[in-house]
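J.: Residue numbers (the working numbering), protein chains in the order written: chain W, 32 to 198; chain Z, 91 to 458.
Because the hints were derived from the structure by calculation, they are not lab data. Incorrect hints may have been included.
[Unchecked claim] Now the in silico label distances, taken between C-beta atoms and shown as ranges:
# : chain 1 : residue 1 : chain 2 : residue 2 : range
1 : Z       : Gln357    : W       : His40     : 23 to 31 Å
2 : W       : Arg101    : Z       : Ile161    : 26 to 34 Å
3 : W       : Arg101    : Z       : Asp149    : 24 to 32 Å
4 : Z       : Ala139    : W       : Arg79     : 35 to 43 Å
5 : W       : Ala121    : Z       : Tyr412    : 31 to 39 Å
6 : W       : Ser115    : Z       : Tyr412    : 46 to 54 Å
Built from N, CA and C at the ideal position, the CB exists for glycine as well.
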Amino acid sequence: METRFSPLHNLGAEAATPDGTTFGRVQGISKVEVWFTPGYYQYANDQRIADKLEQLGRLLWTARTKEYYRYKSRKLNRVIRGESRPETPAQERRRDARNNIVAVGRSGDGLVELESIGLFQWRATIAPGTVPRVDEAEFTRACGEAAERLVEQHVNKLAWVWAQNYS
Amino acid sequence: MSDYAGDVKSKAEALKQKFIELELQWQMDQIYADNKDDLQWTHEERLAAMKSWETENYDEVASWFADLDDIFKELAQMPDPTTITPKADELKAAMTPLAGRPCDDLSEGESYDQDQAYRYVGDTAIYLDEWKGDAAIAFKTQFAPAFQDVAVHEFRAVQSLKGALMAEAELWKKGREDVLTLLKETDAALDDYEGGRDGAADAAFALAVIGAIVAVAAVPATGGTSAALYWTMAGSALAVTGAAVSYPDEPKKELAIKGDSPHDICQSMREAVVDMKLQWIDDEAFIRDQLYILTDTMQGYTQPAGTDPDDVEPRPRYKGGYYPGTSNHVYNEKTIWEFRLPRPALADSTPGNIVDDDHMGRHDDFDD
Numbered sequence: 032m033e034t035r036f037s038p039l040h041n042l043g044a045e046a047a048t049p050d051g052t053t054f055g056r057v058q059g060i061s062k063v064e065v066w067f068t069p070g071y072y073q074y075a076n077d078q079r080i081a082d083k084l085e086q087l088g089r090l091l092w093t094a095r096t097k098e099y100y101r102y103k104s105r106k107l108n109r110v111i112r113g114e115s116r117p118e119t120p121a122q123e124r125r126r127d128a129r130n131n132i133v134a135v136g137r138s139g140d141g142l143v144e145l146e147s148i149g150l151f152q153w154r155a156t157i158a159p160g161t162v163p164r165v166d167e168a169e170f171t172r173a174c175g176e177a178a179e180r181l182v183e184q185h186v187n188k189l190a191w192v193w194a195q196n197y198s
Numbered sequence: 091m092s093d094y095a096g097d098v099k100s101k102a103e104a105l106k107q108k109f110i111e112l113e114l115q116w117q118m119d120q121i122y123a124d125n126k127d128d129l130q131w132t133h134e135e136r137l138a139a140m141k142s143w144e145t146e147n148y149d150e151v152a153s154w155f156a157d158l159d160d161i162f163k164e165l166a167q168m169p170d171p172t173t174i175t176p177k178a179d180e181l182k183a184a185m186t187p188l189a190g191r192p193c194d195d196l197s198e199g200e201s202y203d204q205d206q207a208y209r210y211v212g213d214t215a216i217y218l219d220e221w222k223g224d225a226a227i228a229f230k231t232q233f234a235p236a237f238q239d240v241a242v243h244e245f246r247a248v249q250s251l252k253g254a255l256m257a258e259a260e261l262w263k264k265g266r267e268d269v270l271t272l273l274k275e276t277d278a279a280l281d282d283y284e285g286g287r288d289g290a291a292d293a294a295f296a297l298a299v300i301g302a303i304v305a306v307a308a309v310p311a312t313g314g315t316s317a318a319l320y321w322t323m324a325g326s327a328l329a330v331t332g333a334a335v336s337y338p339d340e341p342k343k344e345l346a347i348k349g350d351s352p353h354d355i356c357q358s359m360r361e362a363v364v365d366m367k368l369q370w371i372d373d374e375a376f377i378r379d380q381l382y383i384l385t386d387t388m389q390g391y392t393q394p395a396g397t398d399p400d401d402v403e404p405r406p407r408y409k410g411g412y413y414p415g416t417s418n419h420v421y422n423e424k425t426i427w428e429f430r431l432p433r434p435a436l437a438d439s440t441p442g443n444i445v446d447d448d449h450m451g452r453h454d455d456f457d458d
């Protein structure tokens with residue numbers, strides 16, 4: 032969604048995989064950057080990088096959610112940790128629909144394809160033989176592009192899902 | 091103090107825009123609900139579709155939120171507490187000379203030393219031991235002994251006025267805070283909606299205005315324990331005026347702004363504004379009643395000892411008078427004299443009796 036006033040456009044969050052090899056940053060609604068610890072990409076293979084991207088996607092979204100609640104707590108001057116439990120069956124159905132939004136994003140050059148369910152479960156597909164044939168800078172750019180498209184699709188679907196009547 | 095009115099105006103304007111935009115999206119999503127293929131739109135396609143829909147329907151949707159202008163225009167015009175506080179401070183000048191004994195201003199915990207003028211008042215009767223006559227007797231038995239007590243009671247009465255003004259200032263100060271909080275909370279609720287989130291479990295926020303005025307406004311006529319102590323110390327019949335404070339009603343302690351759609355959230359906000367206003371009306375009525383009770387007391391009307399704090403109330407008024415017999419107030423002339431000195435007999439002297447020994451009195455040396 033696109034509103035001029037939304038603070039969501041100014042939020043940023045970073046995350047790293049627990050092994051400290053793969054890093055990501057999300058800025059605003061959908062701008063995503065990915066980078067690796069120096070030397071890692073050269074010696075990795077397609078599957079390993081795909082695993083890291085799947086892990087990173089989940090962590091990045093979690094970090095972004097945390098950042099949102101941190102922002103909100105600061106704004107309202109009281110601690111807000113997250114959503115309440117669904118108060119009505121309709122609300123529960125609506126949340127289920129939200130958590131099951133499937134979004135796909137593919138880089139323009141077709142190197143990377145990402146898919147997510149509710150932004151919490153990720154699947155990354157890398158064109159066979161990409162790593163380390165493709166230059167690292169080009170690959171990370173492709174990751175960013177795929178992620179950006181995925182998030183845009185997710186956001187579009189979310190707006191629709193969120194506006195439906197579930198009662 | 092920052093520019094409250096400007097603040098509210100600009101924030102309300104931004105909020106209204108946010109409502110309109112999100113509602114436009116919501117409405118559009120309803121229309122496209124049947125065609126799920128649209129979910130595969132790219133970002134650009136969606137924005138383009140939205141743009142054309144928005145152009146056609148903007149005015150209609152905007153009109154649904156037009157009332158927000160009036161709501162916040164009114165809230166932006168709330169009284170300025172900083173103009174009320176100086177009025178309360180002006181009363182300090184009246185309290186200083188009324189401190190017949192060392193007095194504490196319970197409304198803000200300030201101590202007043204006994205005014206110098208009262209230093210020898212208590213001993214007046216001794217100094218004037220040899221002054222005899224009607225005027226002398228009246229002065230020595232009625233006027234002088236009550237002098238200090240009455241002054242202290244008047245001190246309390248002025249303190250009550252001051253407390254009411256301070257409560258009024260506090261009410262609007264907190265009220266303003268609440269308006270700004272309301273704007274922020276609504277804004278946050280819209281953020282949640284936009285980000286596809288439901289409100290937090292603790293979405294309710296407390297109104298700052300709750301209880302803000304009780305501490306100061308209730309000091310005067312009803313008083314806390316310490317206020318009652320003052321009446322007692324002053325040897326007053328008024329010790330009976332309940333030691334417990336009746337609190338103003340609290341219609342809503344917490345407000346929550348939430349909803350599943352922009353228009354639901356807006357409705358929830360409208361209701362919160364009404365709840366907030368009801369609270370202010372209640373608080374204003376509470377302050378007014380404190381002043382009425384003080385007036386009643388000074389006119390000799392008090393409620394019997396042991397009246398339930400919740401039933402402590404002023405005499406029912408209507409324009410220009412009172413409804414007789416509709417409350418349990420008891421008239422006692424003595425109460426009036428707690429606040430007022432008897433008219434000195436000397437004041438009624440005429441050229442005919444001013445030199446009359448029986449009236450003006452004379453020094454004992456001239457006896458016989």
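J.: All hints, please: hold or fail.
T.: For each hint, the structure was consulted:
no. : hint                               : in the structure
1   : Gln357/Z with His40/W: 23 to 31 Å  : holds (27 Å)
2   : Arg101/W with Ile161/Z: 26 to 34 Å : holds (31 Å)
3   : Arg101/W with Asp149/Z: 24 to 32 Å : violated (38 Å)
4   : Ala139/Z with Arg79/W: 35 to 43 Å  : holds (41 Å)
5   : Ala121/W with Tyr412/Z: 31 to 39 Å : violated (55 Å)
6   : Ser115/W with Tyr412/Z: 46 to 54 Å : holds (51 Å)
When held up to the earlier numbered hints, the structure conflicts with 3, 5 and fits the remainder.
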